[in-house]
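**Q** Chains U and X supply the protein sequences, listed in that same order.
Every letter in the first sequence is one number past the one before it in my numbering, and letter 348, counting from 1, is 348.
For any residue, its number in my numbering is found by taking its place in the second sequence, counting from 1, and adding 459.
Simulated from the structure, these hints should not be mistaken for laboratory data.
Note that CB positions come from ideal geometry on N, CA and C, so glycine has one too.
A hint or two may mislead.
Straight line, CA to CA, 16 Å or less: simulated EDC-like cross-link-like pairs of lysine to aspartate or glutamate [said to hold, decoys possible]: (1) X:576 to U:93; (2) U:427 to U:346; (3) U:24 to U:431; (4) U:421 to U:309; (5) U:24 to U:93; (6) X:577 to U:93.
Sample of chain X residues facing chain U (criterion: CB under 8 Å; computed from the structure) [what the hints assert, rightly or not]: (7) 569; (8) 571; (9) 576.
Residues of chain X placed beyond 12 Å of chain U at every Cβ, according to the derived structure [said to hold, decoys possible]: (10) 510; (11) 566; (12) 582.
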Amino acid sequence: MTSIILLSVFGIINLFLGFLKSNKILLPAVIIFLAIVFGVNFLDWNNPQSHFNNMLTIDNFAVAFSAVMVLSLALILPFSRSYINSGNPHLAEFYSILMFSLVGAIMMVSYENIIMLFLGIEILSIAMYVMAGSHKKELRSNEAALKYLLMGSFATGILLFGFALIYGASGSFNIAEIASFSSNTTATDLLPMMEIGVLLVLVGICFKIGAAPFHFWTPDVYEGTPTLFTTYMSTVVKTAGIAAFYKLVWAVFPGLNEFWYPTLVAITVLTLVIGNIGAAIQTSFKRMMAYSSIAHAGYLLIALTSFNDYSENAVLFYALSYTVATVAAFGVLKLVSDQREGETYEMFNGLGRTNPLLAFAMTVAMCSLASIPLTGGFFAKFFIFGSAIEAGAVWLVVVAILMSAVSIYYYFRVVMAMYMKEPVGEKVAVDGFAAFMLIFLSIFTFIMGIFPGWFNNWL
Amino acid sequence: MEQAIYTPYDYLPIIVQFLAAAGFVAFAMGVTHLIGPKRHSKVKDEAWECGIPTVGNARTPISYKYFMTAILFVIFDIEIIFMYPWAVNFKVLGTEGFLQMITFMGLLMAGFVYVIKKGILKWE
Numbered sequence: 001m002t003s004i005i006l007l008s009v010f011g012i013i014n015l016f017l018g019f020l021k022s023n024k025i026l027l028p029a030v031i032i033f034l035a036i037v038f039g040v041n042f043l044d045w046n047n048p049q050s051h052f053n054n055m056l057t058i059d060n061f062a063v064a065f066s067a068v069m070v071l072s073l074a075l076i077l078p079f080s081r082s083y084i085n086s087g088n089p090h091l092a093e094f095y096s097i098l099m100f101s102l103v104g105a106i107m108m109v110s111y112e113n114i115i116m117l118f119l120g121i122e123i124l125s126i127a128m129y130v131m132a133g134s135h136k137k138e139l140r141s142n143e144a145a146l147k148y149l150l151m152g153s154f155a156t157g158i159l160l161f162g163f164a165l166i167y168g169a170s171g172s173f174n175i176a177e178i179a180s181f182s183s184n185t186t187a188t189d190l191l192p193m194m195e196i197g198v199l200l201v202l203v204g205i206c207f208k209i210g211a212a213p214f215h216f217w218t219p220d221v222y223e224g225t226p227t228l229f230t231t232y233m234s235t236v237v238k239t240a241g242i243a244a245f246y247k248l249v250w251a252v253f254p255g256l257n258e259f260w261y262p263t264l265v266a267i268t269v270l271t272l273v274i275g276n277i278g279a280a281i282q283t284s285f286k287r288m289m290a291y292s293s294i295a296h297a298g299y300l301l302i303a304l305t306s307f308n309d310y311s312e313n314a315v316l317f318y319a320l321s322y323t324v325a326t327v328a329a330f331g332v333l334k335l336v337s338d339q340r341e342g343e344t345y346e347m348f349n350g351l352g353r354t355n356p357l358l359a360f361a362m363t364v365a366m367c368s369l370a371s372i373p374l375t376g377g378f379f380a381k382f383f384i385f386g387s388a389i390e391a392g393a394v395w396l397v398v399v400a401i402l403m404s405a406v407s408i409y410y411y412f413r414v415v416m417a418m419y420m421k422e423p424v425g426e427k428v429a430v431d432g433f434a435a436f437m438l439i440f441l442s443i444f445t446f447i448m449g450i451f452p453g454w455f456n457n458w459l
Numbered sequence: 460m461e462q463a464i465y466t467p468y469d470y471l472p473i474i475v476q477f478l479a480a481a482g483f484v485a486f487a488m489g490v491t492h493l494i495g496p497k498r499h500s501k502v503k504d505e506a507w508e509c510g511i512p513t514v515g516n517a518r519t520p521i522s523y524k525y526f527m528t529a530i531l532f533v534i535f536d537i538e539i540i541f542m543y544p545w546a547v548n549f550k551v552l553g554t555e556g557f558l559q560m561i562t563f564m565g566l567l568m569a570g571f572v573y574v575i576k577k578g579i580l581k582w583e
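Could you put the whole structure together from the sequences, leaning on the hints where they help?
**A** Right under this line is the structure:
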C-alpha cells in the first residue's frame with residue numbers, strides 16, 4: 001500500500017527532476033527511489049491488511065510479487081545509458097511512466113475487487129502503449145504502438161465485458177463474494193452467464209500475458225518496441241499478468257474449476273508448442289525472445305493448472321529467475337544492437353572474442369532460460385513440474401519437457417554464434433554500471449541455481 | 460446471497476425500443492427518398508461549408524496548440540467537478556475532507572506546473 005503511494009509521489013518528483021539542466025541525476029535518483037520502495041514494500045510482510053473498503057488487500061502474495069516487479073525495474077534501468085548519453089529530452093518522462101505503470105502492476109497483484117484488477121491492467125497497459133511508441137521518429141516503434149493499442153484495447157473491452165457478466169450473475173465485484181457465488185452454483189440458473197463471463201475474462205488476461213492463441217501481437221510489438229521497454233514488457237508485465245491470473249482462477253473462480261480447467265490446459269499446451277516452435281524458426285534474436293516469452297508464459301500457466309502447496313512458490317521462483325535471465329539477455333542485446341546495426345543472430349558473431357563479459361552474461365542467461373542445471377532456470381522448471389506432477393498432470397509435464405528440449409536449439413544458436421563464428425565488428429563499448437549489472441545478474445542466476453531453497457519458501 | 464428472478468420477458472421493452480428506433484430510421488429514410496423531389500446541380504452537390512466556397516481537404520494537420528489548450532482546460536474542468544460537491548458538504552467532511560482536497564489540488568497543481576514548465580503555452 002505504502003509502496004503504491006510512494007511510487008506515485010516519486011514518479012511526480014522525478015518528472016520535476018527532469019527540468020534540471022543535467023539529466024545525469026535521473027538514473028541514480030530513480031534507482032534510489034526504487035530501493036526505498038523495495039524496502040518499504042517489505043514492511044507489510046506477514047502483516048495482511050485491507051484498504052479502501054476492501055478494494056486492495058496486501059498479503060504476502062502481493063508483497064512478494066511486488067518485490068519481484070520493483071526489483072525488475074531496478075535491474076532494467078541501468079541499461080538506459082544510451083538515452084542519457086544522447087541527451088534524450090524525454091528521459092524523465094520515460095522513467096516516470098515506468099514508475100507509474102509499476103503502480104498498476106502492484107494493483108494487479110493485490111486486488112480484492114475485480115474493478116481494481118481492471119484498473120491495474122489499464123494503468124499498466126496504457127503506459128506500455130506509450131512506451132512502445134516512445135521512439136517517435138522510428139517507423140517500427142510507431143507500428144508497434146499502433147498494433148499494441150488497437151489489439152490491447154480490444155482485449156480490454158473483452159475483459160471488461162467478462163467482468164460485467166460476472167457482476168450480472170454474482171451481483172458483486174468483490175472476489176470473496178464472487179468465489180462464494182461460484183462455489184454454490186446449483187442454486188441459481190445464472191450459471192451460463194457466469195461461465196461466459198469467466199471465458200471472456202480468460203481471453204482478456206491470456207491476451208495480456210501473451211498466451212496462445214492470443215499471442216499474435218507479441219512478436220511484432222516486442223520487435224518494434226525499443227529494447228529497454230521490451231525488457232519491461234516481457235518481465236514486469238508478464239509477472240503481473242501471471243500473478244493476477246493465478247489469483248483470479250484460484251481465489252475468484254475456484255468453484256468453477258471443472259468448467260475452466262480444460263480450457264486452461266488447452267491454452268497451456270498451445271502456448272508451449274506455438275511459443276517454442278515459433279521461436280525455433282526466427283532469424284531475429286529479438287523476435288526469438290518474443291516467442292521465448294510466449295513459451296515461458298506457457299510454463300507459468302502449468303503452475304496455474306496445478307493448484308497445490310507448491311504452485312504459488314513455483315510461480316514466484318519462476319518469475320524471479322525468468323526476470324533475471326531475460327533482463328540480462330535483453331541488456332546484452334541493447335548494448336550490442338546500439339553499436340552494431342540490426343537484431344539478427346549474426347550480430348552476435350564472435351562476441352566471445354571481442355567482449356568476453358557480454359558473451360559470458362548472455363551465455364548464463366541463455367542457459368537459465370533453457371534450464372541447464374546450476375542456473376536459476378533449472379530449478380524454476382523443476383518446481384513448476386514438481387507441482388504439476390503433484391497435481392497428477394504427468395502428460396502435461398511430458399509435453400513441457402519435450403518443448404524444453406526444442407528451446408535448447410534456439411537458445412544455443414546465439415551462444416554458438418558468439419563463440420564459434422568470426423567477429424563481425426569492433427569491440428562493443430560497455431559502461432561501468434551496465435557491466436556491473438550484468439555481473440550481478442549472472443551471479444544472481446547462479447545463486448538461484450545453487451541455493452534454490454533461499455527463494456522457494458516465502459509464501 | 461439472494462438472487463432476483465429474471466426472465467427473458469423482462470427484456471421485451473428493450474427489444475421494442477430497438478425495433479422502434481431502427482424502424483423509425485428505415486421509415487424516415489424510405490419516405491424522404493420516395494416523396495422528396497430530386498434536383499441535382501453542380502452547386503447543390505457540393506459540400507456545404509457555412510455558405511462560403513469549400514476550401515481544400517478536411518484532413519489537414521491541425522496545430523497541436525489547440526489540443527494542448529483543450530487538455531489544459533480539462534485539468535480545470537475536473538478540478539471544478541470535484542470541488543462543487545466538496546464545497547456543498549464542506550462542514551460534514553470536516554478536516555479530513557479538507558486535507559483530501561488539499562492533496563487532490565496539490566497533485567493537480569503539480570501537473571499544471573509541469574505542463575507550464577514544459578512550455579506548452581510558448582507558441583512561437
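**Q** Could you run down the list of hints and mark each one as holding or not?
**A** Hints, one by one, checked against the model:
1. In summary, the hint linking residue 576 of chain X to residue 93 of chain U is supported, as the alpha carbons are separated by about 14 Å, within the 16 Å threshold.
2. Among the hinted pairs, residue 427 of chain U with residue 346 of chain U is consistent with the structure: their alpha-carbon atoms are about 15 Å apart, no more than 16 Å.
3. Proposed proximity of residue 24 of chain U and residue 431 of chain U is supported: the alpha carbons are some 14 Å apart, at most 16 Å.
4. This hinted pair does not check out: residue 421 of chain U and residue 309 of chain U have alpha carbons roughly 47 Å apart, beyond 16 Å.
5. Of the supplied pair hints, the one linking residue 24 of chain U and residue 93 of chain U holds, its CA atoms being roughly 14 Å apart against a limit of 16 Å.
6. A threshold of 16 Å between alpha carbons decides the hint, and for residue 577 of chain X with residue 93 of chain U the separation of about 11 Å falls inside it, so the pair holds.
7. With a least beta-carbon distance of about 5 Å to chain U, the hint placing residue 569 of chain X at the interface is held under the 8 Å criterion.
8. Evaluation of the residue 571 of chain X hint against chain U yields a violated restraint, the C-beta minimum of about 12 Å exceeding 8 Å.
9. A least Cβ separation of about 6 Å between residue 576 of chain X and chain U falls short of the 8 Å threshold, and the interface hint therefore holds.
10. Residue placement check: residue 510 of chain X keeps its beta carbon more than 12 Å from all beta carbons of chain U (closest about 38 Å).
11. Under the 12 Å C-beta cut-off, the non-interface status given to residue 566 of chain X relative to chain U is violated; the minimum distance is some 7 Å.
12. Listed as a non-interface residue, residue 582 of chain X keeps its Cβ farther than 12 Å from every Cβ of chain U; the least gap is roughly 19 Å.
When held up to the earlier numbered hints, the structure conflicts with 4, 8, 11 and fits the remainder.
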